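Keeping their order, the protein sequence lines are chains A and B. Here my numbering is used: the first residue of the first sequence is 0, the next is one more, and so on. Here my numbering is used: the first residue of the second sequence is 361, the next is one more, and so on.
Hint data in this document are derived by calculation from the structure and do not stem from the laboratory. Just so you know, not all the hints are guaranteed correct.
What the hints assert, rightly or not - With beta-carbon atoms standing in for the labels, derived distance ranges:
(1) B:G423 to A:N310: 52 to 58 Å
(2) B:G478 to A:A170: 51 to 57 Å
(3) B:K439 to A:A157: 57 to 63 Å
(4) B:T433 to A:M229: 37 to 43 Å
(5) A:L132 to B:E590: 44 to 50 Å
(6) A:D203 to B:H563: 30 to 36 Å
(7) B:G494 to A:L132: 48 to 54 Å
(8) B:G494 to A:D203: 52 to 58 Å
(9) B:T433 to A:P149: 47 to 53 Å
Stated by the list, open to error - Not everything, but these chain B residues come out facing chain A in the computed CB check (under 10 Å):
(10) H377
(11) F380
(12) R414
(13) V432
(14) L434
(15) A441
(16) H460
(17) L464
(18) V477
(19) R518
(20) A519
(21) L528
As the list claims (entries may be wrong) - The calculated lysine to any residue pairs, modelled on SDA-like cross-linking and capped at a C-alpha distance of 20 Å, are:
(22) A:K136 to A:V154
(23) A:K302 to A:T138
(24) A:K302 to B:R502
(25) A:K302 to B:K439
(26) B:K439 to A:R278
All values derive from a computational prediction rather than experimental measurement. Beta carbons are placed, not taken as given, at the ideal position from N, Cα and C, and that holds for glycine.
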Amino acid sequence: MNPDTMNPDKRFVRESMIPPAPPPRRISGPLARIRATLFPDLANGLVTLAILAALVWLVPAAFRFLVVEAVWTGASGEACRPEVVGHPVGACWAFIGDKINYLAYGSYPTAERWRPNLFFGLLAFGVAWMLWLGAPKRTWGAVYLFLVVPVLAYVLLAGAPALGLVSVATALWGGLLVTVVVSGVGIVAALPLGILLALGRRSDWPVVRILCIGFIEFWRGVPLITVLFMANVMLPLFLPGDLTVDRLVRPLVGIALFASAYMAEVVRGGLQAIPAGQRQAALALGLTPFQATRAVVLPQALKIVVPGIVNTLIGLFKDTTLVAIVGLADFVRVLEAARADPRWSAPAVPVTAYVFAALFYFAVCFGMARYAGFIERRLAAGAVR
Amino acid sequence: MIPPAGPMPAVEFSGVHAWFGTTHVLRAIDLAVAPGETVVICGPSGSGKSTLIRTVNGLVAHGAGTIRVAGVTLDGGAKAADAVRARVGMVFQGFNLFPHLTVLENCTLAPLHVRRVGLAAARALALGHLDRVGLADLAGRRPAELSGGQQQRVAIARALSLEPDVMLLDEPTSALDPEMVGEVLAVLTDLARGGTTLLCVTHEMGFARAVADRVVFMDEGQIVEIAPPEAFFDQPRHPRTRAFLSRILG
Ligand SMILES: Nc1ncnc2c1ncn2[C@@H]1O[C@H](COP(=O)(O)OP(=O)(O)O)[C@@H](O)[C@H]1O
Ligand SMILES: [Mg+2]
Numbered sequence: 000m001n002p003d004t005m006n007p008d009k010r011f012v013r014e015s016m017i018p019p020a021p022p023p024r025r026i027s028g029p030l031a032r033i034r035a036t037l038f039p040d041l042a043n044g045l046v047t048l049a050i051l052a053a054l055v056w057l058v059p060a061a062f063r064f065l066v067v068e069a070v071w072t073g074a075s076g077e078a079c080r081p082e083v084v085g086h087p088v089g090a091c092w093a094f095i096g097d098k099i100n101y102l103a104y105g106s107y108p109t110a111e112r113w114r115p116n117l118f119f120g121l122l123a124f125g126v127a128w129m130l131w132l133g134a135p136k137r138t139w140g141a142v143y144l145f146l147v148v149p150v151l152a153y154v155l156l157a158g159a160p161a162l163g164l165v166s167v168a169t170a171l172w173g174g175l176l177v178t179v180v181v182s183g184v185g186i187v188a189a190l191p192l193g194i195l196l197a198l199g200r201r202s203d204w205p206v207v208r209i210l211c212i213g214f215i216e217f218w219r220g221v222p223l224i225t226v227l228f229m230a231n232v233m234l235p236l237f238l239p240g241d242l243t244v245d246r247l248v249r250p251l252v253g254i255a256l257f258a259s260a261y262m263a264e265v266v267r268g269g270l271q272a273i274p275a276g277q278r279q280a281a282l283a284l285g286l287t288p289f290q291a292t293r294a295v296v297l298p299q300a301l302k303i304v305v306p307g308i309v310n311t312l313i314g315l316f317k318d319t320t321l322v323a324i325v326g327l328a329d330f331v332r333v334l335e336a337a338r339a340d341p342r343w344s345a346p347a348v349p350v351t352a353y354v355f356a357a358l359f360y361f362a363v364c365f366g367m368a369r370y371a372g373f374i375e376r377r378l379a380a381g382a383v384r
Numbered sequence: 361m362i363p364p365a366g367p368m369p370a371v372e373f374s375g376v377h378a379w380f381g382t383t384h385v386l387r388a389i390d391l392a393v394a395p396g397e398t399v400v401i402c403g404p405s406g407s408g409k410s411t412l413i414r415t416v417n418g419l420v421a422h423g424a425g426t427i428r429v430a431g432v433t434l435d436g437g438a439k440a441a442d443a444v445r446a447r448v449g450m451v452f453q454g455f456n457l458f459p460h461l462t463v464l465e466n467c468t469l470a471p472l473h474v475r476r477v478g479l480a481a482a483r484a485l486a487l488g489h490l491d492r493v494g495l496a497d498l499a500g501r502r503p504a505e506l507s508g509g510q511q512q513r514v515a516i517a518r519a520l521s522l523e524p525d526v527m528l529l530d531e532p533t534s535a536l537d538p539e540m541v542g543e544v545l546a547v548l549t550d551l552a553r554g555g556t557t558l559l560c561v562t563h564e565m566g567f568a569r570a571v572a573d574r575v576v577f578m579d580e581g582q583i584v585e586i587a588p589p590e591a592f593f594d595q596p597r598h599p600r601t602r603a604f605l606s607r608i609l610g
């Protein structure tokens, strides 16, 4: 304490400046960090202990079920019955192994399964191209993923007799293939449509605005299951009599429009967060309203709503399981069908099927969330750098 | 109104009115700015200075009267607005730089999209203007990494990247810390002396006295007095001008 600065009657002039010093140990360093994270005070410390206790109980149990007591090989349900194998049985992975082709392709003809495989490959290549931020020519990656892959996928999967690819009816498609096609089409359609709807909702032109509001509110106000039923029954009614719509395409249209309404609201949130001055500055520079939106407003708005967009995409991905209700054999539906196989009747089989479905969906959704987190950190770093 | 003698004005208002809803914010504005002239606009808050300046590039639509900029008449259509905006640069009180772009990208936007020169030419142009405001070495930074004064200088370079006939400035130094006002005014002084037509809203009276050709005083949406700076500051005629000057000069 400096008596001169504390004394109201005293004039003070500093004689030498104080150099910076490191903080004391108790507020920095690894031990202090662990302490501050796990045991900052009594209440938090108790919560930490409770969580640790739960982990100690859960992790070994899960490990025992998934690995130690799991059955890895076998040709029928017998292999997964405790009374046959003579020890408690956890997951019956033999069942998944036996059904893996059915889970991946549904009833797609065995001789033609190279086509879905090629499709998965083309898709994975495009997705990797887009997700790897340092990749060369990412604009072409987007063109490839959003235009080339859909066209190739259609030709490849549905078939083109002119090219020597026999037609495969969509009723035969199933499993992972259907889940990937439905969610892929949903994502590819929902993002651009959602952006257009969000921009339309803020348009200066009342007719456009009202149409967009009506569209968004309609799809948001109807449950997805209803949308799927309606698409199935009503879409054919809207089209001329001789035009039939494929049973796979009907729910696809429904899901894409449903997801785009949610996407529109997410994007609108971002647009609203951009100050009006940004648009004015762009217009004052001579950019047209379209250029101002494309080059100045949208990039900033989309950056803000990355978490919301990913949240919507995750929801969309999980919602695709509902297409089973209109008769599509998506991933969950084929798991259901597979577990009902009498050859594989054993108590462990249904449990394994659901655990496998949960792990699959969790892995994909968690992957999306982690990637979004990575993008967010990169954008945040880029903003100030 | 008597038509001004000499060459065609850079900016010409005749009988201009503007409304926000039912609020009458610009009333019977008549003003001609000659090419190369520097006109400073001042007046109390809410007197319509920003609105006046924004009608010049059509950011605010005027409700009546005629505005001609470099020979183009703003008729409310997109075509006229585009033609005028391509020749008029604007600097805002709050800078309004694009935070997602680098300093250089802020300044190449107009050359690339409006004047449609190639990327290399746009970069060279932008670097030239950044150099003019003394910031060429910060071209790779983001706006958030710059001080307020540097940001406003970038905004000036960005407006200059249009190679504009007219520059509009709306209180370019009001959002700055006092120590940064000088660097921005120095750039503006340099522009004015270099022959750029400036229409500048500011309360920096030292700058007005030193650089302006004429000072316009506005109140309640109308022009109350126009005079060369010496006459404006030393012998203000209108009582409202005198009251305003005594308020801000103390
Ligand atoms: N976007 C707007 N909507 C409605 N009223 C506005 C708007 N902008 C400005 N005004 C009003 O117009 C008048 C003039 O405003 P402005 O031109 O910003 O004045 P100044 O720049 O001289 O302070 C003020 O009464 C203000 O409240
Ligand atoms: Mg103002």
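Each hint, compared with the structure:
A beta carbon spacing of about 45 Å between G423 (chain B) and N310 (chain A) contradicts the range 52 to 58 Å that was offered as a hint. Restraint check, G478 (chain B) to A170 (chain A): a C-beta distance of roughly 54 Å satisfies the suggested window 51 to 57 Å. Separated by about 47 Å at the C-beta atoms, K439 (chain B) and A157 (chain A) break the suggested range of 57 to 63 Å. A beta carbon spacing of about 54 Å between T433 (chain B) and M229 (chain A) contradicts the range 37 to 43 Å that was offered as a hint.
For the pair L132 (chain A) and E590 (chain B), the supplied restraint of 44 to 50 Å is violated, since their beta-carbon distance comes to about 60 Å. Checked against the given bound of 30 to 36 Å, the beta carbons of D203 (chain A) and H563 (chain B), roughly 34 Å apart, stay inside it. G494 (chain B) and L132 (chain A) have their C-beta atoms about 34 Å apart, which leaves the hinted 48 to 54 Å range violated. Evaluation of the 52 to 58 Å hint for G494 (chain B) and D203 (chain A) yields a failure: the beta carbon distance comes to about 40 Å.
Checked against the hint of 47 to 53 Å, the pair T433 (chain B) and P149 (chain A) passes, with Cβ atoms roughly 49 Å apart. A least Cβ separation of about 22 Å between H377 (chain B) and chain A goes past the 10 Å threshold, and the interface hint is therefore violated. Checking F380 (chain B) against chain A by beta carbon gives a least distance of about 14 Å; that is not within 10 Å, so the hint is violated. Contact between R414 (chain B) and chain A, as hinted, is supported at the beta carbon level, the nearest pair being about 8 Å apart and thus within 10 Å.
Against a cut-off of 10 Å between C-beta atoms, the interface hint on V432 (chain B) is violated, since the closest Cβ of chain A lies about 13 Å away. Contact between L434 (chain B) and chain A, as hinted, is not supported at the beta carbon level, the nearest pair being about 13 Å apart and thus beyond 10 Å. Interface restraint check: A441 (chain B) against chain A, minimum CB-CB distance 8 Å, threshold 10 Å, status holds. Checking H460 (chain B) against chain A by beta carbon gives a least distance of about 5 Å; that is within 10 Å, so the hint holds.
For the restraint placing L464 (chain B) at the interface with chain A, the shortest Cβ-Cβ distance is roughly 14 Å, beyond the 10 Å limit, so the hint is violated. Interface hint status for V477 (chain B): violated, as the beta-carbon distance to the closest one in chain A is roughly 13 Å, over 10 Å. Nearest Cβ of chain A to the Cβ of R518 (chain B): about 7 Å, under the 10 Å cut. The hint holds. About 8 Å separates the beta-carbon of A519 (chain B) from the nearest beta-carbon of chain A, less than 10 Å, and the hint is met.
Hint on L528 (chain B) holds. Least Cβ distance to chain A is approximately 8 Å, under the 10 Å limit. For the given pair, K136 (chain A) sits about 26 Å from V154 (chain A) by alpha-carbon distance, which is inconsistent with the 20 Å threshold. Proposed proximity of K302 (chain A) and T138 (chain A) is supported: the alpha carbons are some 17 Å apart, at most 20 Å. Taken as a hint, the K302 (chain A) and R502 (chain B) pair is honoured in the structure, with Cα atoms around 16 Å apart against an allowance of 20 Å.
Distance hint between K302 (chain A) and K439 (chain B) is unfulfilled; the C-alpha atoms sit about 32 Å from each other, more than 20 Å. Of the pairs offered as hints, the one joining K439 (chain B) and R278 (chain A) holds, with about 18 Å between alpha carbons and a cut-off of 20 Å not exceeded.
Hint compliance for this structure: hints 1, 3, 4, 5, 7, 8, 10, 11, 13, 14, 17, 18, 22, 25 are not met, and every other hint is.
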